[in-house]
Amino acid sequence: MLSDVNGILPISETNADVIFYRKSTARSIQPIKATATEIPPTVAKSRSSGKTKVGINGFGRIGRLVLRIATFRDDIDVVAVNDPFIDAKYMAYMFKYDSTHGPYKGTVRVVDESTLEINGKQIKVSSKRDPAEIPWGDYGAEYVVESSGVFTTVEKASAHKKGGAKKVVISAPSGDAPMFVVGVNETTYKPSMDVVSNASCTTNCLAPLAKVVHEEFGILEGLMTTVHATTATQKTVDGPSMKDWRGGRGAGQNIIPSSTGAAKAVGKVLPELNGKLTGMAFRVPTPNVSVVDLTCRLEKSASYEDVKAAIKYASEGPLRGILGYTDEDVVSNDFVGDSRSSIFDAKAGIGLSKSFMKLVSWYDNEWGYSNRVLDLIEHMALVAATKIIKINQLDRSRDKRALWAQRSSSVSSCYCSSSSPLVLVLHLNFISYTNNIVAMPTHVFADEEVGFDSMIVKADGRTCLSQSHGFRGQCWSDTNCRLVCRNEEEMIIMHGEAEAAVCESPSKLFTGLCFSDRNCSAICEKENFVTGHCKFWKCICSKDCGAGGGGGGGDPGGGGGGEDPGAGGGGEDPPEGGPPQPLLTGSL
Numbered sequence: 001m002l003s004d005v006n007g008i009l010p011i012s013e014t015n016a017d018v019i020f021y022r023k024s025t026a027r028s029i030q031p032i033k034a035t036a037t038e039i040p041p042t043v044a045k046s047r048s049s050g051k052t053k054v055g056i057n058g059f060g061r062i063g064r065l066v067l068r069i070a071t072f073r074d075d076i077d078v079v080a081v082n083d084p085f086i087d088a089k090y091m092a093y094m095f096k097y098d099s100t101h102g103p104y105k106g107t108v109r110v111v112d113e114s115t116l117e118i119n120g121k122q123i124k125v126s127s128k129r130d131p132a133e134i135p136w137g138d139y140g141a142e143y144v145v146e147s148s149g150v151f152t153t154v155e156k157a158s159a160h161k162k163g164g165a166k167k168v169v170i171s172a173p174s175g176d177a178p179m180f181v182v183g184v185n186e187t188t189y190k191p192s193m194d195v196v197s198n199a200s201c202t203t204n205c206l207a208p209l210a211k212v213v214h215e216e217f218g219i220l221e222g223l224m225t226t227v228h229a230t231t232a233t234q235k236t237v238d239g240p241s242m243k244d245w246r247g248g249r250g251a252g253q254n255i256i257p258s259s260t261g262a263a264k265a266v267g268k269v270l271p272e273l274n275g276k277l278t279g280m281a282f283r284v285p286t287p288n289v290s291v292v293d294l295t296c297r298l299e300k301s302a303s304y305e306d307v308k309a310a311i312k313y314a315s316e317g318p319l320r321g322i323l324g325y326t327d328e329d330v331v332s333n334d335f336v337g338d339s340r341s342s343i344f345d346a347k348a349g350i351g352l353s354k355s356f357m358k359l360v361s362w363y364d365n366e367w368g369y370s371n372r373v374l375d376l377i378e379h380m381a382l383v384a385a386t387k388i389i390k391i392n393q394l395d396r397s398r399d400k401r402a403l404w405a406q407r408s409s410s411v412s413s414c415y416c417s418s419s420s421p422l423v424l425v426l427h428l429n430f431i432s433y434t435n436n437i438v439a440m441p442t443h444v445f446a447d448e449e450v451g452f453d454s455m456i457v458k459a460d461g462r463t464c465l466s467q468s469h470g471f472r473g474q475c476w477s478d479t480n481c482r483l484v485c486r487n488e489e490e491m492i493i494m495h496g497e498a499e500a501a502v503c504e505s506p507s508k509l510f511t512g513l514c515f516s517d518r519n520c521s522a523i524c525e526k527e528n529f530v531t532g533h534c535k536f537w538k539c540i541c542s543k544d545c546g547a548g549g550g551g552g553g554g555d556p557g558g559g560g561g562g563e564d565p566g567a568g569g570g571g572e573d574p575p576e577g578g579p580p581q582p583l584l585t586g587s588l
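Last residue of the sequence shown: 588 in the UniProt record's numbering, with the numbers rising by one and none dropped.
Simulated from the structure, these hints should not be mistaken for lab results.
We treat Cβ as the ideally placed atom computed from N, Cα and C, and that holds for glycine.
Heads up, some of the hints might be wrong.
[Said to hold, decoys possible] Each computed EDC-like pair below joins lysine to aspartate or glutamate, with the alpha-carbon atoms no more than 16 Å apart:
1) K162 to E117
2) K162 to D138
3) K354 to E305
[To be verified] Here are the computed distance ranges between Cβ atoms for each label pair:
4) P191 to D130: 25 to 35 Å
5) P285 to F72: 47 to 57 Å
6) I350 to I255: 40 to 50 Å
7) S241 to T100: 55 to 65 Å
8) S301 to R129: 50 to 60 Å
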């Protein structure tokens, strides 16, 4: 079965349990570029022509910006727009001119009453009131952005499926749809989920910030206030608002207190914070850009400087492109067009004690959120484009540990078997789309299969841990390097042959593939060994601190490397044609 995968050495079906993901359509994960003045975001070119076909229902603020952003991404193809209240000519006008984000930097023209042409690409237009009547299937739209603000439950949004849509993303909080915040919990998405919510713009701002602070220091409790820009539901002058009397007052004349479920919703995407956060909003007379104020009490004692350092680290590494950091004297207009979900303002916050402080983070509640809608769709498409091929389970009667990594032109992966509950790991460090093959990070437990993006579940400082604690590595990502390398020109770069197939991100925040000595030491340490080093694509663990020997254990042909299961302990040249076969016999 493994022969399907070009370049991967065969593994006996009697002693291996591996999950491969064969993509039906080659795709690329889009690194996200983000600056405070960026319109549109820079997106790396994909390695294939495969695009996700998207339809938009509701051509309001979010619908129009989703389309704007999509026209400058080459992983998304918007094929149709539906709005019962706007004809094609008016759609073109509203799309071309925007008082907040400026005129569209491209070409727009009306072909006929049912077709727009944007940058030379034709997009179908319809005006159906009932989502079940929109012929998404005829348009080729597999994913629908439900941005009308009306169909926000699973039942209502599912009506799009009657017209041929396969998946629906609600661009608003939902009472019953699974809720996702990219960078926080999108890896928990399952292919069986047909209708999902992208949460709210405020939840998208708060959740990444809360994630970092909670994982580093622990949040005991917190109160959030969002100072939120005016939205389309508010009144220009005083008018009736039966459910919210204060909300009916003139938006341009008042600061209006309002309720929000954004803080409580964080508990849905970060269950460990469920019941620990709540909040409220002030609606203010500005057209765009909002700011979150999170006042929280920490579990661990930490200064405000400590918290700033942790957020800065996350913004430059695992959450780059999602969470930003600034220590400049900025104001709200400086973030118009910022594609990040949350930009922490180091100068605006303040600490009262070692466990109580106020954290401030900005967000473009329109542009940033619209970017995340498309990011979520592309993540869903990547998951949907995979097919699991299972091989017989590993013989668990033997206590064994081995690490083998194969580097080839098509796919590079690491296979780990361990004495821990983690029996086998297939971990992707280098994504290649040759032959439509992609290997996603996966772990397989004795009697349980875990989702491919959940290999790493907890970041402990700058160290990541697997659920079984059978894997530990320095700065590893829980979404196959996307969060680490999200803002890199390339996902990772490959070093030359002399460096024994070590891969590294340009930011130096990710190293791996065959693992470095540092990563091997971290893995071995978690299994109660003293030390470890990387040798010939194998992670060698030792009880003896001095087991390293004279030559560098990670250099092919090096002298006297550390203890090697099934080998004589000395250095050996790797066999011709690539790394050695996996060590699936013997124990440490």
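Going through the hints against the structure:
1. K162 to E117: violated (27 Å)
2. K162 to D138: Satisfied, since the Cα-Cα distance of roughly 12 Å is no more than 16 Å.
3. K354 to E305: Holds. K354 to E305 sits at ~10 Å (cutoff 16 Å).
4. P191 to D130: 25 to 35 Å: holds (27 Å)
5. P285 to F72: 47 to 57 Å: Distance hint for P285, F72 is violated at roughly 31 Å.
6. I350 to I255: 40 to 50 Å: With Cβ atoms ~22 Å apart, the hint is violated.
7. S241 to T100: 55 to 65 Å: Cβ of S241 to Cβ of T100: about 24 Å, so the range 55 to 65 Å is violated.
8. S301 to R129: 50 to 60 Å: holds (57 Å)
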